[in-house]
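Q: In case you want the letters, here they are:
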Amino acid sequence: MKSYRQWNTRCALPGILKTSGWIAAVISLMFVVPAKAEAASVSLQSDTIFRMGQSTSDKRNLYPAYEYLRLSVPEIDKDGTISFYFGGWGRYDLADKTTDRYTNGDLQYGYLSYRSKKNNLQINLGRQFVSEGVAAERFDGAYLRCDLAAGFGAALFGGATVATDPNFQGGDVVYGGRISHTMPKYYSIGISALKTDDDQSRFREEEGIDIWLHPFKQVEAVGRSSYNSITSGWMEHAYTISYIPLDNLRINFDLSQVNYRDYFFHMTTSALSVVPGGVLDPNEEVLTLGGSIAYTPIKNLTIVADYKNFDYHVAGNAHKYGGKATFSLPASFAAGIALHRMDGQVDRLRYYEYRAFASKKIAKLDLTADFFGVNYDSNINGLKNAFTVAGAASYEITERLKVAGDINYSRTPDFDNQLTGLVKITYAFDTARSAEGRAKGEKY
Amino acid sequence: MKNIRMLMIMAMPLLACFLYACANTNSMYRAHPAEVTGIPDCSECHTDNWASLNHQAADFYEKHRYYAEQQKFACGVCHEESFCADCHAHKEEIKPSDKYKLSPERELPHRGDYLNQHRIDGRIDPVSCVKCHGRSNNERCKECHR
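Taken in sequence, the protein lines are chains A and B.
Numbering that gives the first Met the number 0 puts the first residue of the first sequence at 0, with every later residue one more than the last.
Numbering that gives the first Met the number 0 puts the first residue of the second sequence at 0, with every later residue one more than the last.
Calculated from the structure, these hints are not laboratory results.
Careful: at least some of the hints might be erroneous.
Below, simulated SDA-like cross-link-like pairs (lysine to any residue); rule was C-alpha separation at most 25 angstroms, straight line [unchecked claim]:
1) B:K94 x A:S269
2) B:K130 x A:V274
3) A:K216 x A:A304
4) A:K184 x B:L107
5) A:K216 x B:I38
6) A:K298 x B:L107
7) A:K298 x A:V274
8) A:K194 x A:G222
9) B:K94 x A:L366
10) B:K94 x B:G37
11) A:K383 x B:E34
12) B:K94 x B:R105
13) A:K363 x A:A304
14) A:K116 x B:E34
With the hints as extra help, turn the sequences into a complete structure.
A: Spelled out as structure tokens, the structure:
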């Protein structure tokens, strides 16, 4: 039987945090309205999307309509220290109402942010995505980060978990932090921790160390090691080193080692869980070694050769290698080709993967053609060659209004002839700042 | 012992305030001061650590998670929050490669019809699935993985 103390601290807390998040969102909207009235920098963008396709399970025709709304108010107050961000979407299927899933939607993020002009102090309240060391989490709660003396920095966060739980629960409360030390010319190193509780037990406890070294202009190393305190094992060591001997030559080395039992701990889908009888073997370990060489013989043209070796403790080895070449002229033209070979010990892991694409901007018109194919060594559902051909176009009707569409034809082991398409109407209520998610300076 | 613990708990906020007060650094710009078009090569202008954020580098897509977990606020100088949410979503039904169909040069996952290929990628490299589908955006998995 749970004690009052347990109920009070573990069960009530997520609810309180969720409520706090919503209160923060409502309060921030109250700020937004007067700010808008004073013609402050407010950006609202609507993306209305119509898709056509088939359900993967029973091949029903689907015609879902989506509405994505993104609002950003970067300067609510006079000093420009308070801002507000909101993003969400809703979907309604225009044709199929045979199941209770013909509507769906999500609040992606909605938070009020304070950013001081000194010490990189930032306080966020609401639904947000935090990325601090071992944590890459979406939650409803509070986040605080700031610079400290002598090159140190600190970040703290806590709130109610925002997870999907198709098979297993994702925990109730998540909290953690990161302390870092930085010498901007040479390195940044951090230690971080994350803890998730539910009302029954310790759910997740992870600690990690992350590094970003650049001792010389030509050398950079980044990576992370993370430890699972509940299973008492290292989850992951992942590091990559880049050596840039010449301005047009870049050589990379990658290394990662993952222990399945520790890494795939308390996932919420059985597809990625190490539960008994599941898809993944808890005793599996994988060591991945790889590298790439990128050469730019002339400006805008890059040629890359890459290699990756997967060394599995239980399942055996596989190699993936190949190359690609890309040519791009900023904001006007891009084209590329790529060819890779996967060479594994089982039939399904022996195939060629190839791709060719080109995109061109002509005044207000954008055009793109894309071809992606896989050539399997052995038949899968009677098919060796799977491919998708896509064509896309967009036209900027006005500075605020843009219409885009694409059509895709696929032949795969699951679909003999599949035709899918999409039409997107984008309206930016303010052209000064885009909220679509591209670089702020880019047009929508 | 209890007194020492209490003293430490009381001293921690004071120490944090002291360290914060002594930092005296200027906060980073909210928005990049110069306009950036296309996929940027930060090393064209920056010679310090920001030069590493060369988005044109062949390995940038693989490495962006390391930069984000250390300096996410640096990403915010050029990218809106929705940029992260396009891929790292709580619930999402449109693939990133479909959202950015007109930017084929971007290294985005799941091109083409991914239903068959996910069975292969999921076997050879399930670790790469976890960041986006381990504890979020995985409701469709239940259609087959019950």
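Q: So, against the hints stated earlier in the document, which numbers end up violated here?
A: 4, 7, 11, 13
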